[in-house]
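The residues making up each chain are set out below.
There are 2 protein chains.
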Amino acid sequence: MQTPPDSVGFVAPMKLAFEDALTLRSGVMLPRYELMVETYGELNAAKSNAVLVCHALSGHHHVAGYYRNQERSEGWWENLVGPGRPLDTRKFFVIGVNNLGGCHGSTGPGAINPQTGRRYGADFPVVTVQDWVITQARLADRLGIDSFAAVIGGSLGGMQALQWSIDFPERVRHVLAIAAAPRLSAENIGFNEVARQAILSDPDFHGGHFYEHNVVPTRGLRLARMLGHMTYLSDDLMRAKFGRDLRGGDAYKFGYDVEFEIESYLRYQGDKFAGYFDANTYLLMTRALDYFDPAQDYAGDLEAAFRRARAKFFIAAFTSDWRFSPARSKEIVRALVANRRDVSFAEIASVEGHDSFLLPIPEYHALLSTYFRGIVI
Amino acid sequence: MQTPPDSVGFVAPMKLAFEDALTLRSGVMLPRYELMVETYGELNAAKSNAVLVCHALSGHHHVAGYYRNQERSEGWWENLVGPGRPLDTRKFFVIGVNNLGGCHGSTGPGAINPQTGRRYGADFPVVTVQDWVITQARLADRLGIDSFAAVIGGSLGGMQALQWSIDFPERVRHVLAIAAAPRLSAENIGFNEVARQAILSDPDFHGGHFYEHNVVPTRGLRLARMLGHMTYLSDDLMRAKFGRDLRGGDAYKFGYDVEFEIESYLRYQGDKFAGYFDANTYLLMTRALDYFDPAQDYAGDLEAAFRRARAKFFIAAFTSDWRFSPARSKEIVRALVANRRDVSFAEIASVEGHDSFLLPIPEYHALLSTYFRGIVI
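From first to last, the protein sequence lines stand for chains A and B.
Take the first sequence: its letters are residues 0 to 376, numbered as in the working numbering.
Take the second sequence: its letters are residues 0 to 376, numbered as in the working numbering.
Hints were generated in silico from the structure; no laboratory data involved.
Treat the numbers as computed from the prediction; the structure is a model and nothing was measured.
There may be inaccurate statements among the hints.
Chain copies aren't distinguished; within one or between two, either way the pair holds.
Mimicking SDA-like on lysine to any residue, the simulated pairs with C-alpha atoms at most 20 Å apart in a straight line are [unchecked claim]:
id, residue 1, residue 2
1, Lys271, Arg195
2, Lys311, Pro82
3, Lys311, Ala345
Here chain A stands alone, though its shape is the one from the complex (with noise of 0.2 Å):
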């Protein structure tokens, strides 16, 4: 197998350990965790051109490159990342890591707790966004980073990128926030409390320690990402794509088998994320997203939340997102120039919905290549 040349071609994890005492933001102390780590391009002598990448929810640590010896293994952003593309890793050094708390090899409710010989389970911490800041400020000083050249995440992982500029303003020179919110509405909530319900409610969840019995969640896991699909496609993008179309001939078959197209991709969406990923992390990070509100600590003023932040701002939505609208990120905008910060801000025409983030829309990559070129290192 041939990468193509503008990929940052095979790449290797590694895993780093981190020996000292976390407390999180719940008051739980985690006496070491591992973190997942992926890194694309080298970092310079001035250590001034790093990039840190955030994930969302499924994401992980493999955000470019293609694993050796192993089928369709490109990275959840490889479109994004590489010699010659929007993030270039001939200029820039680009880290990828796997939340703590997730599933993808960093510590997380899969791991075994080191304080009892088991699996954490259910018993792993709720994670925050800031703790979650925090774990990668504590690997940037592994790697000798005293400052990201830029935080970039869209989603989950925006909203990541926006806590570094309040919780490290001079550590982080650039944050891309795209497709995100400052925090989640009712609506937002209540989509992740239906998913977590499906899980919690799985007989095989067994009260998150399923590990011990040998089963996994699937129906609630299933449930969850048919969930999750839903919100981030958008209507127009499900009209143009499956409409009415019906799977195999043209009537009806009055049953409750796959009938149209739009039910056989959420159910093999759903099939496929329930054989890999945790039941537990999917809760941990929904309740992260829920959780995440950097206003909360200034009396719900947001404004006042980013009066610490020092970094430049790009700040982009698409309009077909109802996930998280281009109205909420425009709160962001608002908040950020009431306090003379230096953003730009793009609401991009696109029908992909809230994944259009993921996907190499034309405009949306032309904006990224031009203010990663701008990015001085």
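With chain A's structure known, arrange chain B on it following the hints.
Showing chain B alone in chain A's frame:
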């Protein structure tokens, strides 16, 4: 207990048996069936003042009035129907019917299959909007009603009203379809499918024969209803009603128990529904929604589908309804106008989302009052 003076007061349902076999759209034949019915007001001598009220997904025959010695027993459209109310029972004879396949006394999955002596369960055939209209026409025959002054419904009920105008053009003089659509979009079907999968994958569903196992798939029904509520409400309403308010205290509890008010609301609604609604009926009703597509027999041409219609139409939609948005109602209006039908269309400002059709929104009720007053009986 006293009932309000503009209520129809205490009412009682009646069960009507239909002994003529009914061949459904699916090809399945029901040898006999029963329908639960309520009526309010008096049928006039000319039998020209009858109004059929069609119910939506979780509705039934108990449209208006109260049951004696039963708390909170008012009908689901109590605010609409009564002496002096928009659908004035001093003028009209109003009929409510629990649809075939329902779970409120009409023959449905929970009924005994006379051919086996056991409950139908999953063997109850899928019923379509067209099938319902036929059963409603037979009900009209039974009551001696040649022609309805009006057929009215919201959501799935509105779809039945529309189907009436096509299938029995000489038997309905006015059709009122509120918060409806001419067919479901892929997004609509997708949400139905997630809800169905929640039920179908509940271990207590037992392939639809849970009755024989003395269990009920409450987990699946609960999730289905929670998701339903997410699509009935609007983002704005949830923001206004729940926001990010925490349930008890003002600090995060860092867990997966109820944290936000919206979670509490959804769980409450889900639990309540799972306590009384039949899982097989839920599947059936959502499938009837999916299958509704009067244009299907006319190569997708809605205008052609309405060519036979003779009724006058009242079409209404609500600005905050994203399940069946005003744009979907306008598709109906355009097809009717192209057929030179007499159409009143109202796009009503509301924040309550799809649920608006059930609420006594002043502008909405004023329009309905005026429309019903104008109907010649």
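Evaluated hints:
For the identical chains of this complex, Lys271 and Arg195 are neighbours both inside a copy (18 Å) and across copies (19 Å), given an alpha-carbon limit of 20 Å. In this assembly of identical chains, the alpha carbons of Lys311 and Pro82 never lie at most 20 Å apart, being 24 Å within a copy and 65 Å across copies at closest. Proximity of Lys311 and Ala345 under a CA criterion of 20 Å is satisfied intra-copy only: 14 Å inside one chain copy versus 47 Å between copies.
Hint compliance for this structure: hint 2 is the single one not met.
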